[in-house]
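Starting from two chains that each stand alone, build the complex the way the hints lay out.
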Amino acid sequence: DAKTTQPPSMDCAEGRAANLPCNHSTISGNEYVYWYRQIHSQGPQYIIHGLKNNETNEMASLIITEDRKSSTLILPHATLRDTAVYYCIVRVLTFNDMRFGAGTRLTVKP
Amino acid sequence: DVKVTQSSRYLVKRTGEKVFLECVQDMDHENMFWYRQDPGLGLRLIYFSYDVKMKEKGDIPEGYSVSREKKERFSLILESASTNQTSMYLCASSAPTMTGYEQYFGPGTRLTVT
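Keeping their order, the protein sequence lines are chains E and V.
Residues in the first sequence are numbered from 1 upward in steps of one, following the numbering used here.
Residues in the second sequence are numbered from 1001 upward in steps of one, following the numbering used here.
Isolated chain V (complex conformation) (with noise of 0.2 angstroms):
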């Protein structure tokens, strides 16, 4: 089974704290994406990835930024976390099959910015 891990479930940062939230997935996916989720908003882009080295910008980049240095993982940063960060954070990879992707998602980090 592919599997996607987040380095935390819970994280709690003051506002103006740089913040890392790390992604892993052990199935050599090229693709990788961070989403948000908030209530009412559904499921927003904020960056992905096709390969190494590579970032494209999703809906809502503002405010972070991303590194894919190794195939495998995938990073978002907060450059100065703010209150309205505070959200659930979800990575996921996908690969294409036969008949298109399936994005295998982590169990997501929610992020409190106090």
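Just chain E, with the same shape it has in the complex (with noise of 0.2 angstroms):
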């Protein structure tokens, strides 16, 4: 699998946009990105995977750079309760068990 790099910690004003990168520069034509997030005492929570196309849900934008070599996460207005660490995982279709790295924790600050 691809490896992919998260600044450690970010803050982010409540109300503003989050804006979470990640690099994943060796990634592989057949390999999607996934972002999870994790609240503290609990489980990870799925927020949202692509491909190369640019993806948005309920919860949050994903865009993926052209050559797929990074993206960012976006939470378009953070709320104190997106305070979390935030997982970048890159991983081929067919496989569905997720391993994660230290990820990035937010904090959103009032």
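Some hints here could point you the wrong way.
[Unchecked claim] Dumping the calculated DSBU-like pairs for lysine-lysine here, alpha-carbon to alpha-carbon at most 35 angstroms:
no., chain 1, residue 1, chain 2, residue 2
1, E, Lys52, V, Lys1055
2, E, Lys3, E, Lys69
3, V, Lys1055, E, Lys3
4, E, Lys3, V, Lys1003
5, E, Lys52, E, Lys69
6, V, Lys1018, V, Lys1053
7, V, Lys1070, V, Lys1053
8, E, Lys3, E, Lys109
9, V, Lys1013, V, Lys1071
10, V, Lys1018, V, Lys1071
11, V, Lys1003, E, Lys52
12, V, Lys1003, V, Lys1013
13, V, Lys1013, V, Lys1055
14, V, Lys1053, V, Lys1003
15, V, Lys1057, E, Lys52
16, V, Lys1070, V, Lys1055
17, V, Lys1055, V, Lys1003
18, V, Lys1053, V, Lys1071
19, V, Lys1003, E, Lys109
20, E, Lys69, V, Lys1057
21, V, Lys1013, V, Lys1057
22, V, Lys1053, E, Lys3
23, V, Lys1057, V, Lys1070
24, V, Lys1055, V, Lys1071
25, E, Lys109, E, Lys52
26, E, Lys3, V, Lys1071
27, V, Lys1057, E, Lys3
28, V, Lys1018, V, Lys1057
I should point out that these hints are in silico values taken from the structure, not numbers from a laboratory.
Quick caveat: nothing in here was measured; it's all calculated off a predicted structure.
Structure below.
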């Protein structure tokens, strides 16, 4: 699997957009980009995933660069409840187990 | 909503005890997983199952076994608990969608082995 690199921590003001970057420069053509988050003392929660097109759902948007070497998860209007560790994972579609690295600890501040 | 439940949120056991961690999902998912999560090591796959009575080893199966007698239930067994098995244990289930898999996780069991 392609390795991902994320900043260890980020802050965001409440109500502003949170943009979380992920570098996956060794991604191969059949690997998807997945995002999960883990709020303190809870199990991880699926957010979104995509292959090469930008994706949007009720939780977030995923922007993947044209060369697919990096992506950005966007929370359009961050709230205090979005404070969590966010994990970017690259995985082949046919393998549905997930392995998380250290992720980015996002703190949303009032 | 998919619900994955785990039998305990917190568990304290002694070295050498046999430990059972239970996981139940209510969405008829075929795939179920057991992970452990440790600071600095991320999430690591212990065992998974694609069907009843079927199991596959993950990355770190040593010291663990699993049982899946019913589709909705996946149990993790620590045959003889050791202090290095102190960890957060997460169960998950998944099913295929049009564009891939989404994993649904339980709340986790924080196990302390003394």
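Quick rundown of the hints versus the structure:
1. Lys52/E with Lys1055/V: holds, 33 angstroms
2. Lys3/E with Lys69/E: Holds. Lys3/E to Lys69/E sits at ~11 angstroms (cutoff 35 angstroms).
3. Lys1055/V with Lys3/E: holds, 27 angstroms
4. Lys3/E with Lys1003/V: holds, 30 angstroms
5. Lys52/E with Lys69/E: Distance ~10 angstroms between Lys52/E and Lys69/E Cα, so the pair holds.
6. Lys1018/V with Lys1053/V: holds, 21 angstroms
7. Lys1070/V with Lys1053/V: holds, 8 angstroms
8. Lys3/E with Lys109/E: holds, 30 angstroms
9. Lys1013/V with Lys1071/V: Answer holds: Lys1013/V to Lys1071/V is near 28 angstroms, not above 35 angstroms.
10. Lys1018/V with Lys1071/V: holds, 23 angstroms
11. Lys1003/V with Lys52/E: holds, 30 angstroms
12. Lys1003/V with Lys1013/V: holds, 27 angstroms
13. Lys1013/V with Lys1055/V: holds, 25 angstroms
14. Lys1053/V with Lys1003/V: Holds, because 22 angstroms separates the two Cα atoms, which is no more than 35 angstroms.
15. Lys1057/V with Lys52/E: Measuring from Cα to Cα gives roughly 31 angstroms; hence the hint holds.
16. Lys1070/V with Lys1055/V: holds, 12 angstroms
17. Lys1055/V with Lys1003/V: holds, 22 angstroms
18. Lys1053/V with Lys1071/V: The given pair, whose Cα atoms are some 9 angstroms apart, holds under the 35 angstroms limit.
19. Lys1003/V with Lys109/E: It holds: about 30 angstroms lies between the C-alpha atoms, which stays within 35 angstroms.
20. Lys69/E with Lys1057/V: holds, 31 angstroms
21. Lys1013/V with Lys1057/V: holds, 24 angstroms
22. Lys1053/V with Lys3/E: holds, 33 angstroms
23. Lys1057/V with Lys1070/V: holds, 19 angstroms
24. Lys1055/V with Lys1071/V: holds, 12 angstroms
25. Lys109/E with Lys52/E: holds, 32 angstroms
26. Lys3/E with Lys1071/V: Holds, at roughly 33 angstroms.
27. Lys1057/V with Lys3/E: Measuring from Cα to Cα gives roughly 22 angstroms; hence the hint holds.
28. Lys1018/V with Lys1057/V: holds, 20 angstroms
Checked against the numbered hints above, the structure violates none of them.
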